[in-house]
Every structure is written in C-alpha cells, then in structure tokens.
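Asker: Residue numbers (the numbering used here), protein chains in the order written: chain B, 15 to 128; chain G, 29 to 142.
Derived from the structure by calculation, the hints contain no laboratory data.
Treat the hints with care, as some may be off.
Computed from the model, here is a short list of chain G residues facing chain B with C-beta under 8 angstroms [claimed, not checked]:
#1 V41
#2 E45
#3 F47
#4 P71
#5 F73
#6 H103
#7 K129
#8 F132
#9 G133
#10 K134
#11 G135
#12 T139
The calculated lysine to aspartate or glutamate pairs, modelled on DMTMM-like cross-linking and capped at a C-alpha distance of 20 angstroms, are [to be verified]:
#13 G/K137 <-> B/D38
#14 G/K64 <-> B/E115
#15 G/K134 <-> B/D21
Note that the Cβ used here is the ideal one computed from N, Cα and C, for glycine as well.
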Amino acid sequence: DTGVSQDPRHKITKRGQNVTFRCDPISEHNRLYWYRQTLGQGPEFLTYFQNEAQLEKSRLLSDRFSAERPKGSFSTLEIQRTEQGDSAMYLCASSLVTPGETQYFGPGTRLLVL
Amino acid sequence: GQQVMQIPQYQHVQEGEDFTTYCNSSTTLSNIQWYKQRPGGHPGFLIQLVKSGEVKKQKRLTFQFGEAKKNSSLHITATQTTDVGTYFCAGHLLPQGGSEKLVFGKGMKLTVNP
C-alpha cells in the first residue's frame, strides 16, 4: 500500500498525559499536512511542512502542540498535557509541491482524552 | 476569517432521486476540491476544479465551479445507496503569503432510503 499511513489508529489517554502520533506520507510527496476533525465538522488545518521545513501553523495549534518532520519524510504530532477538548480525529495528508495540488489523506488517529 | 459554507448540511433522498448540494466561499478561491468521507473513514479525494465556470463529470456526479470562483456545486443523479457519506468541499484560497492550507466546509451528510 503506497498511501498515507498513520499510527496509531486509536489512542485513549488520561487528561494531562502526553501523546505522539506518526504520519508516513506518500513517498514522492514533499508536502505534509496535519488536520483535526471533530464530530460533525470538516477537517481544520493545523500545520504543514514542505520537506523538513514547517511553513505554516494555524492559531489552533496551541503551545501544547508541536509537529516535526526531521528528515523530510515521516512526521510526528505531539500533544502535551492533553485536555478533554483535544479529543478528535487527527488527520495527516500529503501532496506534491505544486501550488494547489491535491491532498491525499491518511486514515487518521482517533484520540479520546478521558 | 475565511469561511467555506456548505448547504444543506444534511440531505436524505430516496434511492434513484437527483439532488444538488452547494458550497460557498467568503473569498475567491484558486481552486476547489471535493472529498467524500464514508462513515468511520477518512476524506477521499473526488475531484479538483481550477478554472472559472469549469464543469467536470464523474459517472453520476457533476461538479461545477462558479464564474466568480467563490462557489461550487455537486449534482448527483439517480442516487444509489453506495453514495452514502459526507461530502466536503475544500478551497485553496488565492495565494496570500503562500498559504497552502485547504479550508473545508462542514460537509453535507447524505443518507439514502433504499
């Protein structure tokens, strides 16, 4: 399977704990995006990378959230001191570098904070 | 802020019926993309429209991009139970500081009565 993959698919954690999610993009895609989706809503943009550079961050990305893409391939999204409001589906997408290029989504990581 | 709105939010049709759903942006878009998300799944890319007034067809689905590049529509003919899911439109804003984020609508949830 050469699509976008995410790990884990599901995560249950207690409030205050830290969690980390991983995304592996389609191999030839230089751009990698993180989105958050809550029930009944469309995906909301969090941040994106071009290769290893983080080029844009949403104001939704509080200081408890950090994303990295150290080698320009896979990316991690870490949430520190989780809150119940962080419960959501975290989606990763990747695309080629051409402006406006189609983004292909991974299966997502569903986070539940108790 | 920039918004993409979809109407209606819910659509229930009888199998075999036709219907249209609409997507409106508060700002001009460089392109618009449509995604379909099945229950429990992740957004799957359907189509991208780039040119003003562009119309594209995919079997029973017809997509249109408005002349002003601020709205789009999806028309489904002869609805089938396999069409069930949530349809999202997502817009790339006209380049502003190089932003590449997609702005998603809240989605149109389609249910079909067999």
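Asker: For every hint, state whether the structure bears it out.
Answerer: Verification of the hints:
no.	hint	result
1	V41	20 angstroms, violated
2	E45	24 angstroms, violated
3	F47	20 angstroms, violated
4	P71	5 angstroms, holds
5	F73	6 angstroms, holds
6	H103	20 angstroms, violated
7	K129	4 angstroms, holds
8	F132	3 angstroms, holds
9	G133	5 angstroms, holds
10	K134	5 angstroms, holds
11	G135	5 angstroms, holds
12	T139	14 angstroms, violated
13	G/K137 <-> B/D38	29 angstroms, violated
14	G/K64 <-> B/E115	17 angstroms, holds
15	G/K134 <-> B/D21	25 angstroms, violated
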